[in-house]
Amino acid sequence: MGLGASAGLTLTPLPWKLLDDISIWTQNWPWVPVPKAGVVSIHDSICTLCPGGCGITARRIDERLVFVAGQENHPLNAGGICPLGLSGPQLLYTPNRVMSPMMKVDGAFQPISWNAAISTLVSHLKELKQQQLPQGLACLAGSGQGTVSALLQRFLTAFGSPNFIPSASIDDAWELLTGQLTGSRFIPGYDLERADTILSFGCDLTEGWGSPIRTMRACSGWKENGAKLVQIQSRLSDTAATADRWIAINPGTEADLALAICRTVAETARGQSHISAIDSGFRHQLQAIIKPGPSLEQAEGITGVDAQVIQQLADDFVGSKRPLALCREGADRSPVASREMLAVLALNAVAGNIDRPGGLHRIKRVPYINWPEIRRDDVAGSGWPGENLAGPLPSPDAFFKTIAEEPDSPVGILLVSDCNPCYDLAASDRIKRGIGKIPLVVSFSEYWNETALAANLILPNHSYLERYQDFPVYAGLTEPRLGLSRPVSKQLFDTRYTGDAILETARQLWGTAGRAFPWKTYEECLKETLSDQWDDLKGRGWINLPRPPITSDNAATISYSVFSNADIETSAGEVHKYPLMILTRSSMRLNNSAVGTSPFMMKSVSDTVLKGKKGVVDVNPQTAEKLNMTEGDMARLITPEAEAAVMIHLDDGTMPDTVVISQGLGHAAFGEYLDGRGVNASRLLQPVLDPLTGQNISRTVRARLMPV
Amino acid sequence: MISGTKAMKTKTKQTYHFGMLIDLDRCNGCGSCMVACMSENNISFRPDETDKQTSITWMRMYRISNRKPFPDTERCFLPMPCMHCEGKESGHSPCVSVCPVTATDYDRNTGIVSQIPSRCFGCRYCMVACPYHARSFNWWDPVWPKGMEQMLNPDVSVRMRGVVEKCSFCYHRYQSARDKAHLQGRPRIEESDYQTSCTEACPTGAITFGDLNNPQHRITQMVNPDRNLSGKPRNPQVFRLLEKLGTNPSVYYHSSKQWVREVSDNHIDDKGRS
Ligand code: SF4
Ligand code: SF4
Ligand code: SF4
Numbered sequence: 057m058g059l060g061a062s063a064g065l066t067l068t069p070l071p072w073k074l075l076d077d078i079s080i081w082t083q084n085w086p087w088v089p090v091p092k093a094g095v096v097s098i099h100d101s102i103c104t105l106c107p108g109g110c111g112i113t114a115r116r117i118d119e120r121l122v123f124v125a126g127q128e129n130h131p132l133n134a135g136g137i138c139p140l141g142l143s144g145p146q147l148l149y150t151p152n153r154v155m156s157p158m159m160k161v162d163g164a165f166q167p168i169s170w171n172a173a174i175s176t177l178v179s180h181l182k183e184l185k186q187q188q189l190p191q192g193l194a195c196l197a198g199s200g201q202g203t204v205s206a207l208l209q210r211f212l213t214a215f216g217s218p219n220f221i222p223s224a225s226i227d228d229a230w231e232l233l234t235g236q237l238t239g240s241r242f243i244p245g246y247d248l249e250r251a252d253t254i255l256s257f258g259c260d261l262t263e264g265w266g267s268p269i270r271t272m273r274a275c276s277g278w279k280e281n282g283a284k285l286v287q288i289q290s291r292l293s294d295t296a297a298t299a300d301r302w303i304a305i306n307p308g309t310e311a312d313l314a315l316a317i318c319r320t321v322a323e324t325a326r327g328q329s330h331i332s333a334i335d336s337g338f339r340h341q342l343q344a345i346i347k348p349g350p351s352l353e354q355a356e357g358i359t360g361v362d363a364q365v366i367q368q369l370a371d372d373f374v375g376s377k378r379p380l381a382l383c384r385e386g387a388d389r390s391p392v393a394s395r396e397m398l399a400v401l402a403l404n405a406v407a408g409n410i411d412r413p414g415g416l417h418r419i420k421r422v423p424y425i426n427w428p429e430i431r432r433d434d435v436a437g438s439g440w441p442g443e444n445l446a447g448p449l450p451s452p453d454a455f456f457k458t459i460a461e462e463p464d465s466p467v468g469i470l471l472v473s474d475c476n477p478c479y480d481l482a483a484s485d486r487i488k489r490g491i492g493k494i495p496l497v498v499s500f501s502e503y504w505n506e507t508a509l510a511a512n513l514i515l516p517n518h519s520y521l522e523r524y525q526d527f528p529v530y531a532g533l534t535e536p537r538l539g540l541s542r543p544v545s546k547q548l549f550d551t552r553y554t555g556d557a558i559l560e561t562a563r564q565l566w567g568t569a570g571r572a573f574p575w576k577t578y579e580e581c582l583k584e585t586l587s588d589q590w591d592d593l594k595g596r597g598w599i600n601l602p603r604p605p606i607t608s609d610n611a612a613t614i615s616y617s618v619f620s621n622a623d624i625e626t627s628a629g630e631v632h633k634y635p636l637m638i639l640t641r642s643s644m645r646l647n648n649s650a651v652g653t654s655p656f657m658m659k660s661v662s663d664t665v666l667k668g669k670k671g672v673v674d675v676n677p678q679t680a681e682k683l684n685m686t687e688g689d690m691a692r693l694i695t696p697e698a699e700a701a702v703m704i705h706l707d708d709g710t711m712p713d714t715v716v717i718s719q720g721l722g723h724a725a726f727g728e729y730l731d732g733r734g735v736n737a738s739r740l741l742q743p744v745l746d747p748l749t750g751q752n753i754s755r756t757v758r759a760r761l762m763p764v
Numbered sequence: 005m006i007s008g009t010k011a012m013k014t015k016t017k018q019t020y021h022f023g024m025l026i027d028l029d030r031c032n033g034c035g036s037c038m039v040a041c042m043s044e045n046n047i048s049f050r051p052d053e054t055d056k057q058t059s060i061t062w063m064r065m066y067r068i069s070n071r072k073p074f075p076d077t078e079r080c081f082l083p084m085p086c087m088h089c090e091g092k093e094s095g096h097s098p099c100v101s102v103c104p105v106t107a108t109d110y111d112r113n114t115g116i117v118s119q120i121p122s123r124c125f126g127c128r129y130c131m132v133a134c135p136y137h138a139r140s141f142n143w144w145d146p147v148w149p150k151g152m153e154q155m156l157n158p159d160v161s162v163r164m165r166g167v168v169e170k171c172s173f174c175y176h177r178y179q180s181a182r183d184k185a186h187l188q189g190r191p192r193i194e195e196s197d198y199q200t201s202c203t204e205a206c207p208t209g210a211i212t213f214g215d216l217n218n219p220q221h222r223i224t225q226m227v228n229p230d231r232n233l234s235g236k237p238r239n240p241q242v243f244r245l246l247e248k249l250g251t252n253p254s255v256y257y258h259s260s261k262q263w264v265r266e267v268s269d270n271h272i273d274d275k276g277r278s
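These protein sequences, in sequence, are chains A and B. Under my numbering, read the first sequence as residues 57 to 764, first letter to last. Under my numbering, read the second sequence as residues 5 to 278, first letter to last.
These are calculated hints, taken from the structure and not from any lab test. This one's a predicted model, so the numbers in the text were calculated from it and none came from an experiment. Among the clues, some could well be false.
Distance condition first, Cα-Cα at most 25 Å in a straight line; then the derived SDA-like pairs of lysine to any residue [unchecked claim]:
1. B:Lys72 x A:Val286
2. A:Lys279 x B:Gln199
3. A:Lys670 x B:Trp143
4. B:Lys261 x B:Ser69
Whenever a hint applies, use it, and build me the whole structure from the sequences.
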């Protein structure tokens with residue numbers, strides 16, 4: 057074709073017209089869905105997918121839920137919302153919902169009726185009772201808060217079992233520690249919005265800390281009002297990247313740095329006057345915490361932070377008008393080492409910011425569930441419940457330790473509500489084996505998660521968008537509140553409130569005369585519990601909780617010797633065999649909880665975190681060179697607990713001799729969008745129980761990388 | 005071929021020029037903007053989305069670094085929607101000028117570069133022409149797992165295999181804002197009438213969206229665009245990506261860090277991916 061021909065082709069509209077027609081023809085695929093139009097409506101509720109309790113607004117087209125946005129006028133999130141909250145429609149309509157009660161028969165699940173499911177549970181319970189083993193009933197719950205948790209605990213008490221084991225949150229650990237330390241139990245409320253100098257000891261402020269959106273908004277506010285954030289962390293996290301200053305610190309030594317700063321501040325005149333203003337009991341304890349803290353020079357050796365820098369941090373902190381030190385939280389607001397918690401509390405105290413604007417506010421939890429106590433004669437059979445086998449502040453890790461140690465499981469029936477221990481507890485392979493030893497595992501999960509798959513019986517709850525749920529939100533707020541989630545979608549499947557399943561089981565066990573459970577339905581129970589606040593809650597979605605004053609006296613004595621040694625959060629493993637340290641990384645684009653990560657969120661995950669099915673880990677280029685590895689290499693990541701195949705990504709922001717791995721991947725459940733993608737970081741960890749709280753605080757484990 | 009250059013002269017009434025300002029000091033990479041966009045705009049999803057060359061997204065997240073070794077490393081997230089380039093002369097956007105079937109066009113009433121899937125026949129010239137990798141191609145039929153098609157938004161048509169798609173500044177929201185204003189007898193739409201899905205969702209308020217022709221709108225005040233220089237920002241901390249190409253984007257960025265501003269005017273190399 058000559059020049060003329062091509063010019064002609066370009067100028068004549070014919071080929072383009074033909075192409076246009078072809079494209080219209082080829083695109084009329086009948087299987088491309090055409091979403092039906094309809095009447096638009098808007099429904100407010102609160103999000104209960106994490107402890108944050110954000111306000112949400114659901115958009116519906118007729119009955120269909122098409123969007124979940126942040127509620128614009130909500131005091132916590134003011135329209136902002138996280139990727140998980142935005143995934144509402146996917147979490148509602150996913151085929152990964154448990155759509156009816158299920159029973160495992162010969163290793164495979166079969167749908168059964170609610171009647172059959174509940175009578176199966178009842179007959180097993182009756183058997184336990186006949187054997188005089190009421191303590192053989194145990195329950196793992198996602199939290200100890202709210203009416204569902206209270207009903208489960210009440211059910212166990214009425215049955216005669218003490219073994220109600222809610223996953224402790226850092227708030228529970230705070231209550232325990234502050235109760236011992238100051239004689240009055242409180243939770244810190246951080247006045248983020250008014251602070252001007254913020255020392256964050258490794259807090260994932262932008263990756264989910266406290267009430268996540270509220271925290272992010274506060275961080276954003278600091279950019280506007282000139283407040284300075286100093287992030288102390290072993291790696292360049294997303295928080296560190298947006299902070300005004302990032303100070304790299306040796307893994308697991310944040311408490312030492314906090315104590316060194318404490319000591320330095322306590323020696324200043326200002327520090328002295330702050331300390332003398334504190335109530336006597338607390339003051340005494342405070343001095344006992346600070347005293348064994350390291351000197352500047354010792355701290356430099358331990359933390360790797362220059363002594364001069366520490367001195368400067370101390371000067372800036374005590375010299376500022378509104379200093380505030382923030383304590384880390386574990387995944388999903390789980391507790392961290394008590395040593396670290398107390399060090400940060402002490403630092404706030406010596407800075408004189410307790411109960412001050414921009415400071416740390418002491419918040420007392422207010423019980424709002426005031427049901428009559430269960431009476432001894434309400435307890436069936438063989439007597440009043442004794443001691444919880446998972447410890448005084450029950451810990452699921454301690455529970456599974458006991459299960460593992462006994463040749464036969466001391467627990468015959470395990471109820472699992474709103475948590476996924478087979479995935480997210482440290483050493484998760486061991487947890488799976490432990491669960492396997494329990495004769496009857498009953499899950500209330502609305503999703504096919506790892507623990508639901510390991511159960512024998514599933515009594516599925518409604519999804520969080522189909523149900524009422526009372527939801528107290530403390531999460532580091534200075535104004536804690538009680539939220540109520542309200543159904544924004546009609547019920548899609550043959551599911552029931554966990555509360556109703558418990559009430560029905562109680563009825564079948566003890567007849568209508570079961571005095572401990574006077575309610576016909578869970579909704580009736582909820583309404584009665586919230587009594588005159590029900591209307592407010594139903595209308596607005598939240599109320600402020602009262603803030604009773606704190607009085608501190610009669611402080612007991614904590615045995616400080618137990619936490620004078622650093623490095624307790626790292627589980628065993630010899631340095632020469634395991635020269636590296638694993639650090640975990642959280643992200644708002646991945647979810648670690650029992651709900652899983654949505655397909656949209658998976659789509660937003662970077663290819664430096666997940667590549668194909670391969671989990672990617674960050675390694676410092678220097679370390680990689682030492683190991684003779686480079687970008688994209690596959691390697692075996694080996695810890696004393698387990699090993700996994702990983703892909704290497706070189707990252708300057710990662711400390712030499714550490715390996716950074718993401719949380720929230722490596723599922724063995726949840727269908728093809730999640731199953732088998734990446735590595736489950738909890739598999740590699742080993743539980744380390746805190747000497748004061750009894751909670752698992754492991755966040756690092758020694759490891760080595762080997763070429764494949 | 006396409007009447008790109010006449011328009012400026014025939015522009016009679018004051019039109020909108022919608023634009024976006026993303027504050028990189030505030031952005032923390034949470035990803036809400038990406039997911040809010042996917043949910044609003046019926047973006048399809050597949051079990052493996054880790055090949056970012058074929059993964060469809062209208063809001064792409066990059067992560068850039070100052071390339072210094074530990075512990076002097078600094079990093080910054082860079083969310084990138086379509087830049088809605090105006091081109092040197094109004095309407096001469098790189099992608100618009102190569103589309104043989106006018107499936108993508110620069111709308112002089114809004115400054116929005118449209119994309120009409122039913123017109124696109126998949127030649128992908130626009131993808132080659134776009135210097136910002138803002139466009140994605142549908143290599144496969146979109147498939148929603150059983151039951152999940154219920155979540156589809158009727159305001160946005162679902163794309164099919166063989167077409168290109170990209171950010172539309174939630175154009176359907178503009179349309180409904182316009183309808184609403186019309187019904188209420190208002191001649192113009194207000195700033196709050198029309199906001200994109202990502203802007204609303206962003207927890208840190210990092211995204212500001214509005215009309216660059218309206219001096220009252222926050223974006224105009226923050227950017228302070230210079231009309232004589234095709235909207236080049238007068239605010240020294242505000243910049244556009246690859247300003248030197250003269251694509252004249254409607255998306256602006258703010259950063260107080262000089263290295264961020266420098267990197268962004270050069271190129272994002274593949275090591276700097278998010
Ligand atoms: S931060 Fe938590 S409560 Fe808020 S939207 Fe996200 S998951 Fe829900
Ligand atoms: S939603 Fe906002 S803060 Fe989050 S990644 Fe997008 S622009 Fe950044
Ligand atoms: S960013 Fe790319 S797709 Fe968007 S207008 Fe510019 S050239 Fe076109």
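Tested hints:
1. B:Lys72 x A:Val286: holds (20 Å)
2. A:Lys279 x B:Gln199: Judged against 25 Å, a Cα distance of about 23 Å means the pair holds.
3. A:Lys670 x B:Trp143: holds (23 Å)
4. B:Lys261 x B:Ser69: holds (12 Å)
Comparing the model with each numbered hint stated earlier shows that all of them hold.
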